[in-house]
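Trainee: With the hints as extra help, turn the sequences into a complete structure.
Those protein sequence lines, which keep their order, are chains A and B. The numbering used here applies: residue 1 is where the first sequence begins, and numbers increase by one. The numbering used here applies: residue 1 is where the second sequence begins, and numbers increase by one.
Don't take each hint at face value.
Said to hold, decoys possible - Okay, derived cross-link-like pairs now, DSBU-like style, lysine-lysine, Cα gap no bigger than 30 angstroms in a straight line:
id : chain 1 : residue 1 : chain 2 : residue 2
1  : A       : K191      : B       : K50
2  : B       : K50       : A       : K100
3  : A       : K100      : B       : K39
4  : A       : K118      : A       : K151
5  : A       : K294      : B       : K50
6  : A       : K84       : A       : K294
7  : B       : K47       : A       : K128
8  : A       : K118      : B       : K39
9  : B       : K48       : A       : K118
10 : A       : K56       : B       : K71
Unchecked claim - Far from chain A by the CB rule (all over 10 angstroms, computed), these chain B residues:
id : residue
11 : D40
12 : K48
13 : K50
14 : H54
15 : S68
16 : P72
17 : Q76
No lab work stands behind these hints, which were simulated from the structure alone. Using N, Cα and C, we set each Cβ at its ideal position, and we do this for glycine too.
The chain contents come next:
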Amino acid sequence: MAAPTSFNTTKPTVETKEKVDYFNLPCPIPYEEMHREALMSLKPEVFEGMRFDFTKGINQKFALSHSVFMGPTEIPSQSSETIKIPTAHYEFGANYLDPKLMLLGRVLTDGRVNARVKCDLSDNLILKANAQLTSEPHMSHCMVNFDYKGKDYRSQFQLGNGALFGANYIQSVTPNLSLGGEVFWAGQHRKSGVGYAARYSTDKMVATGQVASTGIVALSYVQKVSEKVSLASDFMYNYMSRDVTASFGYDYILRQCRLRGKIDSNGCVTSFLEERLNMGLNFILSAEIDHRKKDYKFGFGLTVGE
Amino acid sequence: MASKGVSLKVKGKGSASKNKGSSSSSSSSDENSMCKALKDWSNWGLKKAKVIAHYGFIPLVIIIGMNSEPKPSLSQLLSPV
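Mentor: Rendered as structure tokens:
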């Protein structure tokens with residue numbers, strides 16, 4: 001008899017915005033990953049030549065990887081022409097992934113070792129180390145980072161070889177906006193610098209800006225147009241050397257493939273395709289056409305394993 | 001005239017620094033030798049650590065991996081399948 005539909009009079013018809021709790025802000029993205037959405041869309045790992053990667057999992061935590069690369073590698077030259085030397089190398093790698101400890105090691109045929117360590121010393125303190133070691137003297141690099149994660153801030157202290165010290169700090173100011181700063185000092189080159197960065201992100205877009213006393217101003221904007229498509233643009237200006245670069249790119253994440261492409265103000269067009277042929281089998285095509293330098297790079301590869 | 005003034009000033013500075021140098025040379029030489037020894041030892045340590053890391057990192061990762069649960073066998077490590 002009574003009307004079964006009872007409407008709730010206490011609920012307002014218009015959904016009001018949730019009041020922002022400034023004491024309960026989310027933890028921000030780490031300072032060095034601030035541009036990660038733009039980086040993922042605009043800077044895929046383009047290569048020239050043939051690449052074959054095979055990852056063999058032995059255990060849940062332990063895996064070995066074998067990688068073969070054949071193709072021309074560019075060497076830096078003073079003249080405007082690019083000099084390429086054909087190289088071929090085999091790389092052996094061992095990965096150990098634990099929730100608390102991650103060890104990644106790669107060794108190449110010419111004796112170079114690439115090592116990465118990430119260790120959770122406690123709930124909030126993380127130690128990361130990255131090293132490139134060679135047999136030649138004075139050509140090895142190493143960088144050690146200590147990250148501290150607070151409730152709504154992150155801070156990091158870096159130590160590098162050649163008396164390199166750096167520190168950065170990032171703080172969530174509102175649920176969408178985080179601001180940060182960094183300072184570094186390089187003893188060997190007698191250089192020091194200060195930088196500031198800001199990141200504004202919502203569900204649909206991410207905008208970041210970074211200014212540094214080394215003369216770099218970098219802005220980026222990524223818009224997620226739909227679940228499968230996102231567009232990104234990037235602007236970099238160096239006010240010391242009066243160098244400007246702007247790029248615009250797209251990122252399509254489809255069911256069987258991922259296609260990324262970008263066009264640059266330097267006259268460079270890049271495209272990168274990863275096609276999933278089967279479970280654990282990926283086919284990669286990469287193309288980079290630089291019209292200004294007349295440098296054309298095409299590459300193909302196959303990735304087997306997770 | 002100006003040059004005489006300049007030369008006197010320079011001589012004055014020179015003598016003052018010489019005095020300073022002679023009085024603190026004994027203590028500074030001790031500190032200098034300690035600093036030098038510390039630097040030499042730390043350089044030696046860093047060089048050895050670099051060589052150890054260069055040759056030993058990948059075997060270390062493999063040993064830690066082979067001892068993790070569930071324990072894999074040597075054939076799994078060496079076979080290509």
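Trainee: Does each hint hold? Answer for all of them.
Mentor: Structure-based check of all given hints:
Proximity of A:K191 to B:K50 is assessed by CA-CA distance (about 25 angstroms); at most 30 angstroms being required, the pair is judged to hold. Restraint check for B:K50 and A:K100: the C-alpha separation of about 25 angstroms stays at or below 30 angstroms, so the hint holds. Note on A:K100 and B:K39: the hinted pairing is violated, with a Cα-Cα distance of about 34 angstroms set against a maximum of 30 angstroms. For the suggested pair A:K118 and A:K151, the alpha carbons sit about 21 angstroms apart, so the restraint of at most 30 angstroms is met.
For the hint pairing A:K294 with B:K50, the CA-to-CA distance comes to about 41 angstroms; that exceeds 30 angstroms, so the pair is violated. In summary, the hint linking A:K84 to A:K294 is supported, as the alpha carbons are separated by about 13 angstroms, within the 30 angstroms threshold. Proposed proximity of B:K47 and A:K128 is supported: the alpha carbons are some 21 angstroms apart, at most 30 angstroms. Taken as a hint, the A:K118 and B:K39 pair is honoured in the structure, with Cα atoms around 29 angstroms apart against an allowance of 30 angstroms.
Between the alpha carbons of B:K48 and A:K118 the distance comes to roughly 22 angstroms, so the proposed pair stays at or under 30 angstroms and holds. Between the alpha carbons of A:K56 and B:K71 the distance comes to roughly 16 angstroms, so the proposed pair stays at or under 30 angstroms and holds. Remark: the non-interface label on B:D40 is consistent with the geometry, its nearest Cβ contact in chain A lying 17 angstroms away (cut-off 10 angstroms). Under the 10 angstroms C-beta cut-off, the non-interface status given to B:K48 relative to chain A holds; the minimum distance is some 13 angstroms.
A cut-off of 10 angstroms between C-beta atoms contradicts the statement that B:K50 is not in contact with chain A; the least separation is 6 angstroms. Listed as outside the interface, B:H54 is inconsistent with that label: its C-beta sits roughly 4 angstroms from the nearest C-beta of chain A, within the 10 angstroms cut-off. A cut-off of 10 angstroms between C-beta atoms contradicts the statement that B:S68 is not in contact with chain A; the least separation is 5 angstroms. Taking the minimum C-beta to C-beta distance to chain A, about 5 angstroms, the non-interface status of B:P72 is violated against the 10 angstroms cut.
The claim that B:Q76 lies off the interface is violated: its Cβ sits roughly 5 angstroms from the closest Cβ of chain A, which falls inside the 10 angstroms cut-off.
Checked against the numbered hints above, the structure breaks hints 3, 5, 13, 14, 15, 16, 17 and satisfies the rest.
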